[in-house]
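Given chain D's structure and the hints, the job is docking chain C onto it.
Next come the chains, spelled out residue by residue.
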Amino acid sequence: MKTDAQIFSVNPGQHAVWVERITFTYHGADRPALRAVSFAQNAGELIGVMGASGAGKSTLAKCLNRIVPEFEDGDFHGAIRIAGEPLEHLRVCDVAPKVGMVFQDFESQLFSTNVAHEVAFAMEQVGMERAEMDRRIMPALEAVGLRGFEHRDPMSLSGGEKQRLAIASVLALRPSVIVLDEPTTDLDPEGRAEVFELIKKLRAQGLSLIVIEHESEELRAADRIMVLREGEIAADGAPAEVFARTELLTACGVRPPGLGHAFELLGIDAQPKSVDQAYEAIVRAYPGVAATPYDSIARSRVSEDPKAAGNAIIDPAFIGIENLSFSYPGGPRVLDSIELKVEAGEFLAIVGQNGSGKTTLAKHIVGLLQPATGRVTIDGKDRAQMRPAETAREVAYVFQNPDHQIFAATVEDEVAFGPRNFGLPADEIRRRCDEALEAVGLQNERQSDPFLLSKGERQRLAVASVLVLRPRMLILDEPTTGLDHREQLRMMALVRDLNRSGIAIVIITHTPWLVAEYARRVVLMRKGAKIFDGSVREFFMQDELLRSSSFRAPEITELSRRFGKLALTTDEFVALVKGRA
Amino acid sequence: MPIYLYIDRGTFVHRLHPTVKVFSLFVMFWSVYWVDNPVALLPIGLVMLWIAQLTDSWPNFYRLRWLFAILVFTTTIAWMVFYRRGAVLVNIPVFHVSRLSLVFGLGRGIKLAELLAASVLFLSTTKIEEFTYGLQRMRVPYRVSFAISLSFRLVPLFIDSAVTIVDAQRLRGYDFNQGGPLERVRRYVPVVIPVFMGALRKANNMAMALEARGFGFSHEPTTFIEYPVTPADIMAFAFLIALGALYFMLYWTGLGGIGPVK
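One line per chain: the protein sequences are D and C, in this order. -19 is the number of the first residue of the first sequence in my numbering; add one for each residue after it. 1473 is the number of the first residue of the second sequence in my numbering; add one for each residue after it.
Just chain D, same shape as in the assembly (with noise of 0.2 Å):
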């Protein structure tokens, strides 16, 4: 780690943003969120910021815009400048030139009924005369890729190009500097790769930009990576050189890159920039393994067990979906004959855009919603006949956002409104909530304030919220959306544990690790079609389907692929290049 001395050794007026030991309390707060951070950033830099939930990313970042401590309560200590200018004393809004933000929420900062004034909104707030608007809308649009689209509604458009047209809206003040918080928590696969793509490009063109973000693999082109523990920077240094200390990011709940990790486990003393790269010094170090091409074992198929791929279904399957058709009133067909069994102790994992109809899909299985054409089926009887209660008892549903169910005042009760309301008595409800806590790991937090737990605990608590009914199915939208890479294992090794007890499991997910290394077969939709159900392995092996869905395939299992194999882990790649070298 970089002294003050090294960092501050050239005039802070040198620098895009020039930060000097900042620390700041929240009120209330018995911990700094950040503790004597210093940090600088040369013009044009591209700096990743990672972290675990609560290590000070946001925090960090909104001191950039002076949203702390101007906007956020607290005790703040310490100086910025931006471009050699003092912030001190200026207000949030003064900052605005300076410093554009675009948040995670898209939906929070888009405040227009057309694209044209979204991103004229601002240089509307800072008195802008309307021909220099006329002059900065287009280019700014053309710079995000939505030219064409000035007349649409925000709303209209999808979650990437919300989050693009955030951008725009920031880029038209010409700030010097953009700090994304966490741009693409909420994005599918395609909106993602489409917010990257135009980081890249701002970068070309020589912005200074701050992201905070949790996938390694998306902050490997950047200039410098910066790791943040408990409010402390704990790494700052080149991507290679941060990546490579593996042990550091798992303490700081970073997941390592998968490339970096296989190549520490492997003993290669290098840091890959590409899965490219990748296979050529592993070639180097293991010259035996360079064999097979890609092409004849996805001529060969892998052979698989059809029980665990979830191909042999003893019929009645637990769920049957037949002939499923589905639209919402007066739009087009959100489900189009849609035909699915799913086997009791399965794990199926459901991907696809947004917008294609997996949580529609979803919906129908629990009784939201009702088919316009077709049947479900739960344990050989028809949903239809079924009250959503009921089907509460042998299905249940964790939504993507917890606060969508919190609201009791204490765990335990949050816990036991469910039995509550199926009328179970006391002394059943309580074994439950035992059982149910114990399972997700909250039995300590019996009577904490469901609204002062982290989301990864919040996420649980919903689980446990369901888990007490004892359902023989779970499905799970977005499970680990918003979690660090510790919340999320976390909740993948419960889910996994609660698979292992006979429960059905289905996830709803746009992360691709997720499937490879839980998942045991796969449902992929697109426009309300499903368009690939089988097994993990051969999802993967289907490069056209993958790349006309936007769904990359992990790094590791590209890379194995390279080797005429198919691995879905790091420990199982590196297994393969050892056991053929």
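Calculated from the structure, these hints are not laboratory results. All figures in this text were calculated on a predicted structure; none of them were measured in a lab. You may find that some hints are simply not true.
Stated by the list, open to error - Have a look at the derived ranges for each label pair, beta carbon to beta carbon: (1) C:ALA1675 - D:ALA324: 40 to 50 Å; (2) C:ALA1675 - D:LEU432: 11 to 21 Å; (3) C:TRP1522 - D:GLN350: 30 to 40 Å; (4) C:ASP1480 - D:GLY335: 41 to 51 Å; (5) C:VAL1627 - D:GLN350: 25 to 35 Å.
Stated by the list, open to error - Partial selection, computed: residues in chain C whose CB lies under 10 Å from chain D: (6) ALA1541; (7) GLN1641; (8) ASN1677; (9) ALA1679; (10) ALA1684; (11) ARG1685; (12) SER1690.
We put the CB at the ideal spot given by N, CA and C, even for glycine.
Here is chain C on its own, set in the frame of chain D:
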């Protein structure tokens, strides 16, 4: 299904100056306020139907059809309990069914439905930016006018989130339809709390995003969209003045009332 009421069409009503649109909402409310008689409420109702046809706003009226029906029906029934004037036509316990109570109840029901219809027409044809601009031109401070218009945009988002929360609680075996009217209201606590918490979080995120986009930099922000005043605006303005005056005259002359009370 779209969650906002605005319907993007190029009709002359859509193209009217924002100040005229805000003024028209005021005149509609004003006109409806002065009269009680269903017959007197008919002309303005017809004007609204004509505008709905012109602006292609029927989908919004269809979406809210039950709300309109409930407003007219429950108000008419309620006033037959509380408005105890005129000779009783039919003897029903608790109710006072007379010509006067029927006319008064129906008038109140139509009044509420017309107030709702005026709002629906306004929101079907007015963008949030026009609303803000219109209010500003009527001397409402920018921060206040922006907050008012933004709140209209937020309501559908909160409704959308409430629907999801209702679904989530139903899937935990919760029955919203148990018990009497008071109990049913009480049973919405598991929905109200998450909606409220979500609203607070959203409001906080929005406030941060607004300030980060320069909101508050200038007391008088410039406007990107220009709204020239056209002959259609002047004609619409004159029509609205005449409409407002007509309804005030109906009130002044007593023609808008429900007749002598005996």
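Hint by hint, here is what the structure shows:
no.	hint	verdict
1	C:ALA1675 - D:ALA324: 40 to 50 Å	44 Å, holds
2	C:ALA1675 - D:LEU432: 11 to 21 Å	19 Å, holds
3	C:TRP1522 - D:GLN350: 30 to 40 Å	38 Å, holds
4	C:ASP1480 - D:GLY335: 41 to 51 Å	21 Å, violated
5	C:VAL1627 - D:GLN350: 25 to 35 Å	27 Å, holds
6	ALA1541	18 Å, violated
7	GLN1641	6 Å, holds
8	ASN1677	4 Å, holds
9	ALA1679	7 Å, holds
10	ALA1684	4 Å, holds
11	ARG1685	4 Å, holds
12	SER1690	4 Å, holds
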